[in-house]
Amino acid sequence: MSKDESQNVVKGQKFKEFIKKYSVIAYVAIGIPLFILSMLLAAQVNSMSNNEAVLEGKREAQLADDLVNLQQEYNELKKKYEDSSKVVNEYKNNAASNNELISSMKKEIEDLNNLAGTSNLSGEGIIVTLSDGQKTDSLVHDSDVLTVVNELKAAGAEAICVNNQRIISTSAIRCVGPVIQVNYQKVAAPFEIKAIGNAQYLESALTIKNGVADVLKELGVGINITRQDKVDIPKYEGSLTFKYGVSSEE
Amino acid sequence: MPGVIIVLLFILAGILTGMNVNIPYSSSQYIAVAILACLDSVFGALNANLNKKFKMNIFLTGFFGNSIIAIFLVFIGTKLNVDIYLAAVIVFSGRLLNNFTAIRRVIISRIEENKDNIKDEVKKAVNNKKKKVVKTNIEE
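Chains D and V supply the protein sequences, listed in that same order. The opening position of the first sequence corresponds to residue 4 in the working numbering, with each subsequent residue numbered one higher. The opening position of the second sequence corresponds to residue 1280 in the working numbering, with each subsequent residue numbered one higher.
Everything labelled a hint here was simulated from the structure, so no lab data went into it. Positions of the beta carbon are idealized from the N, C-alpha and C atoms, including for glycine. You may find that some hints are simply not true.
In silico lysine to any residue, SDA-like type, Cα no more than 20 Å apart, as pairs [unchecked claim]:
no. : chain 1 : residue 1 : chain 2 : residue 2
1   : V       : 1358      : D       : 252
2   : D       : 156       : D       : 83
3   : D       : 83        : D       : 67
4   : V       : 1334      : D       : 81
5   : V       : 1332      : D       : 29
6   : D       : 246       : D       : 186
7   : V       : 1331      : D       : 30
8   : V       : 1332      : V       : 1398
9   : V       : 1334      : D       : 246
10  : D       : 19        : V       : 1285
11  : D       : 81        : D       : 218
12  : V       : 1334      : D       : 105
13  : V       : 1331      : D       : 96
Pairwise CB distance ranges (calculated) [stated by the list, open to error]:
no. : chain 1 : residue 1 : chain 2 : residue 2 : range
14  : V       : 1376      : D       : 85        : 35 to 41 Å
15  : V       : 1295      : D       : 76        : 31 to 37 Å
16  : V       : 1303      : D       : 167       : 31 to 37 Å
17  : D       : 90        : V       : 1303      : 45 to 51 Å
18  : D       : 81        : V       : 1377      : 35 to 41 Å
19  : D       : 189       : V       : 1366      : 55 to 61 Å
20  : D       : 240       : V       : 1306      : 44 to 50 Å
21  : D       : 9         : V       : 1283      : 49 to 55 Å
22  : V       : 1283      : D       : 68        : 38 to 44 Å
23  : V       : 1358      : D       : 189       : 29 to 35 Å
Far from chain D, some chain V residues (derived; all Cβ distances over 10 Å) [as the list claims (entries may be wrong)]:
no. : residue
24  : 1307
25  : 1320
26  : 1331
27  : 1374
28  : 1381
29  : 1397
30  : 1413
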């Protein structure tokens, strides 16, 4: 036992001598800060080269973080939505094959979807293209687009979209700096307004003397109207949930 | 030599861990200023070591203290909406360059000294040989 102990003591002393001789503790003390420094450097370089949205400024940095988070959330929600709409479709199909009552309800749902703008539509209609004129003051304004859309609605258009943004009951068309916002999505000139309805009625509603087309032409805005046998109008992409309004029976 | 190996191991380990760490973009500014402060301390330590004035406690307190103060400056700057971090960046990079200049001067002067020493030794050796030759001639 005593031999072993003495050997251990000798080993310990040797180790201590080794540490003293090469001043290991000092180098470790230098090494730890260097470890932190190199780690920070590598991490910074790594994450900066990964980050696509290298913007400048603090606010933008925050916005970039928010954007990434929101995008992730959006993707997750979209996935959920797709999953649940699949389930709904399955139910629909099953029900339709089983029951006539439900098939009539399905028809009603379809109609309501068309009305609400949550389904793609195609049919006879016209395409109106509004483009900026040559003069500086003859740009297409939000009010011009709004007038055309209003006129089309008055002429019995069943579905309208502006640059593939479906116009629904809550849609707004307004000016946001150099572009126009439709359904909170930015759209820019030239504006392609598609409408489904009786093509002749729709066209004549615009081209009537002293009508919208004449006024816009006078302002210098380029307006081009074409009738089409088949116009495709996409569905509304946003969400359609009411937060404040509750249906009341009276 | 073991000391150099230990330090290199620490650096390597740091790089490897850093590769797997992702810094969120909003805090990248803090990290960048902290890195500058740390680099400044390391260069300062190198400079002091070459001049034989290196002190461990000064290095350690400088390393951590400088980076913490730099981060604090950035934090205050974001709160006041003033880019105070620019002051930290300018000061630290200026000191970094100064330290680098000092290191360069010391190293270059040492190399020149070495060269002079070698030349002197060569001259001495040649002179000795000549003397020997002269001596042998006289003896003959």
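Now for the hints, and whether the structure bears them out:
1. Note on residue 1358 (chain V) and residue 252 (chain D): the hinted pairing is violated, with a Cα-Cα distance of about 53 Å set against a maximum of 20 Å.
2. With a C-alpha separation of about 35 Å, the suggested pair residue 156 (chain D) and residue 83 (chain D) falls outside the 20 Å cut-off, and the hint is violated.
3. Between the alpha carbons of residue 83 (chain D) and residue 67 (chain D) the distance comes to roughly 24 Å, so the proposed pair goes past 20 Å and is violated.
4. Restraint check: the Cα-Cα separation between residue 1334 (chain V) and residue 81 (chain D) comes to about 60 Å, which exceeds 20 Å; the hinted pair is violated.
5. Between residue 1332 (chain V) and residue 29 (chain D), the direct Cα distance comes to roughly 15 Å. Compliance with the 20 Å bound is thereby established for this hinted pair.
6. The straight-line distance between the Cα atoms of residue 246 (chain D) and residue 186 (chain D) is roughly 17 Å, inside the 20 Å bound, and the hint therefore holds.
7. Under the criterion of a C-alpha separation no larger than 20 Å, the hint pairing residue 1331 (chain V) with residue 30 (chain D) is consistent with the structure, at around 16 Å.
8. For a cut-off of 20 Å, the pair hint linking residue 1332 (chain V) to residue 1398 (chain V) is broken: about 30 Å separates their Cα positions.
9. A C-alpha spacing of about 67 Å is found between residue 1334 (chain V) and residue 246 (chain D), which places the hinted pair above 20 Å, so the restraint is violated.
10. For the proposed pair residue 19 (chain D) and residue 1285 (chain V), the alpha carbon gap of about 17 Å is at most 20 Å, so the pair holds.
11. Distance restraint check for residue 81 (chain D) and residue 218 (chain D): the Cα-Cα separation of roughly 43 Å exceeds the 20 Å cut-off, and the hinted pair is therefore not satisfied.
12. Restraint check for residue 1334 (chain V) and residue 105 (chain D): not satisfied, since their Cα atoms lie roughly 86 Å apart, outside the 20 Å limit.
13. Taking the CA atoms of residue 1331 (chain V) and residue 96 (chain D), the gap is about 85 Å. The hint is violated against a cut of 20 Å.
14. Look at residue 1376 (chain V) against residue 85 (chain D): about 57 Å separates their beta carbons, and that is not inside 35 to 41 Å.
15. Our hint of 31 to 37 Å for residue 1295 (chain V) and residue 76 (chain D) holds, since their Cβ atoms are close to 33 Å apart.
16. Separated by about 35 Å at the C-beta atoms, residue 1303 (chain V) and residue 167 (chain D) satisfy the suggested range of 31 to 37 Å.
17. The supplied range of 45 to 51 Å is broken by residue 90 (chain D) and residue 1303 (chain V), whose beta-carbon atoms lie about 36 Å from each other.
18. Our hint of 35 to 41 Å for residue 81 (chain D) and residue 1377 (chain V) is violated, since their Cβ atoms are close to 55 Å apart.
19. Range check, residue 189 (chain D) to residue 1366 (chain V): about 39 Å between beta-carbon atoms, so the 55 to 61 Å window is missed.
20. Between residue 240 (chain D) and residue 1306 (chain V), the C-beta spacing of about 34 Å breaks the proposed range 44 to 50 Å.
21. Our hint of 49 to 55 Å for residue 9 (chain D) and residue 1283 (chain V) is violated, since their Cβ atoms are close to 35 Å apart.
22. For the hinted restraint 38 to 44 Å between residue 1283 (chain V) and residue 68 (chain D), the CB-CB distance of approximately 41 Å keeps it satisfied.
23. Remark: the range hint 29 to 35 Å for residue 1358 (chain V) to residue 189 (chain D) is upheld by a beta-carbon distance near 33 Å.
24. The Cβ of residue 1307 (chain V) does not lie farther than 10 Å from every Cβ of chain D; its closest approach is about 6 Å, which violates its non-interface assignment.
25. Non-interface call for residue 1320 (chain V) relative to chain D: violated, since the shortest CB-CB distance, roughly 7 Å, does not exceed 10 Å.
26. Distance check on residue 1331 (chain V): its Cβ is at least 15 Å (rounded) from any Cβ of chain D, clearing the 10 Å threshold; non-interface status holds.
27. Listed as a non-interface residue, residue 1374 (chain V) keeps its Cβ farther than 10 Å from every Cβ of chain D; the least gap is roughly 16 Å.
28. Its beta-carbon lying about 19 Å from the closest one in chain D, residue 1381 (chain V) satisfies the requirement of being farther than 10 Å from that chain.
29. The Cβ of residue 1397 (chain V) sits about 30 Å from the closest Cβ of chain D, beyond the 10 Å cut-off, so the non-interface label holds.
30. For residue 1413 (chain V), the condition that its CB be more than 10 Å from all CB atoms of chain D holds, with the nearest at approximately 50 Å.
Hints 1, 2, 3, 4, 8, 9, 11, 12, 13, 14, 17, 18, 19, 20, 21, 24, 25 from the earlier list are contradicted by this structure; the remaining hints agree with it.
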